[in-house]
Amino acid sequence: MAKRSHSSMRVSSDADARRAALPVKPVAHTPLRLDRLIHERLRLGIVSALAVNERLTFYELKKLLQTTDGNLSVHARKLEEAEYITCHKSSEGGVSRTEFRITAAGRRALDKYVAHMEAILGAVKS
Amino acid sequence: MTQSPHTTALHEQAAESLRFIHATMERAAGFSAVPGWGGVLMGLTALVAAVVAHPRRFTEAWLVVWLTAAVVASTIGLAAIVLKARRSGMPLTGPAGRMFALAFSPAIGAGAILTFVLYRNGSIEDLPGCWLLLYGTAVTSGGTLSVRVVPLLGLSLMALGMAALAAPAVWGDAFLAAGFGVLHIAFGLVIARRYGG
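As they're listed, the protein sequences go chains A and B.
Taking this note's numbering, the leading residue of the first sequence gets 1, the next gets one more, and so forth.
Taking this note's numbering, the leading residue of the second sequence gets 127, the next gets one more, and so forth.
If you're looking for bench data, these hints aren't it; they were derived computationally from the structure.
Some clues are possibly wrong.
[To be verified] Here's a subset of chain A near chain B, in silico, CB distances under 7 Å, partners left out:
#1 V52
#2 N53
#3 E60
#4 M117
#5 I120
#6 L121
[Claimed, not checked] Simulated restraints, written as ranges between beta carbons of each label pair:
#7 B/A205 with A/V95: 33 to 41 Å
#8 A/R97 with B/A149: 45 to 53 Å
#9 B/R246 with A/E118: 35 to 43 Å
#10 B/P232 with A/G70: 34 to 42 Å
#11 B/S231 with A/A105: 35 to 43 Å
#12 B/G248 with A/N71: 23 to 31 Å
#13 B/A295 with A/N71: 48 to 56 Å
#14 A/E80 with B/L144: 20 to 28 Å
From a predicted model like this one, the values you see are computed outputs, not experimental measurements.
Cβ atoms here follow ideal geometry from the backbone N, Cα and C, with glycine treated the same way.
Please work from the sequences and hints to get the whole structure.
In structure tokens, the structure reads:
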């Protein structure tokens, strides 16, 4: 299993693409460490969108974040594996429906990430 | 203090991340800002109005009842939108709120003008169809960026409006009760259940 590095904010797009195919687990982060799991733009978008909605369907998230089915599936799965979001699949009248919700851990991770970004801004200003 | 290029890049990246989070949250909150329970209450208002208005159909009293119901329902709807937005911590005056208002208002404005014109011309029996058609248009346009059920509600209201314009005028209150009442309640329940109030 690949381990994630939390030491830097810089993420190359190639490395990101490779990582997207590997399982990722959240790691408790200190103020100096960045949670790279939600630092990735689409994953950050998923968590942010779910933070202000009780639940959103796959279609709604795709429309909202203007992404492709494949991209959304891969990144949503990462967040689900990390237990930042939950996924519920159902069928209504023969049409399958996938719904996502944010978990308490996902909300905490987003709050920490925002605090981290604000701390960086504050540190630079001071 | 002189900042190194690395510090500046870090600072810009952090600011950009925060902007992205805020913009996504605002777009997402606007996405489901339409109030479910508010819609149910608006629907109940319409059902009461239909019962009160029907015996007075197509008189000035009938018009007063429906216009009063419209004011009450609008107040309920607006209050519910504000409460839902406050709960999600998102401002109503952001781009999502402005886009919704810009898309929703023209058809409502047209409805107000047509109401006056049809009343002046003594054709108030055409009002139920016009109201449903134009309110449906407003909901469909305003709901373009919202969850799928919102434009679907708009299209259903438009279909009812067209049917009301084609049907005998005496069915006007039934169409208004079905559109503003039953559809609002049904879609309101779906929105409340799926999109948190």
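Here's how the hints hold up against the structure:
1. V52: holds, 4 Å
2. N53: This hint holds: A/N53 lies near chain B, its Cβ roughly 5 Å from the closest one there, short of 7 Å.
3. E60: holds, 6 Å
4. M117: For A/M117, the interface hint holds, since the closest Cβ of chain B sits about 4 Å away, which is under 7 Å.
5. I120: Given a least distance of 4 Å, the restraint on A/I120 holds.
6. L121: holds, 5 Å
7. B/A205 with A/V95: 33 to 41 Å: holds, 34 Å
8. A/R97 with B/A149: 45 to 53 Å: violated, 27 Å
9. B/R246 with A/E118: 35 to 43 Å: Because 58 Å falls outside the window, the suggested range is violated.
10. B/P232 with A/G70: 34 to 42 Å: Hint holds: Cβ distance 38 Å, inside 34 to 42 Å.
11. B/S231 with A/A105: 35 to 43 Å: The hint (35 to 43 Å, Cβ to Cβ) holds, given that B/S231 and A/A105 are roughly 41 Å apart.
12. B/G248 with A/N71: 23 to 31 Å: violated, 59 Å
13. B/A295 with A/N71: 48 to 56 Å: Distance hint for B/A295, A/N71 holds at roughly 53 Å.
14. A/E80 with B/L144: 20 to 28 Å: Hint holds: Cβ distance 25 Å, inside 20 to 28 Å.
In this structure, the hints that do not hold are numbers 8, 9, 12, in rising order.
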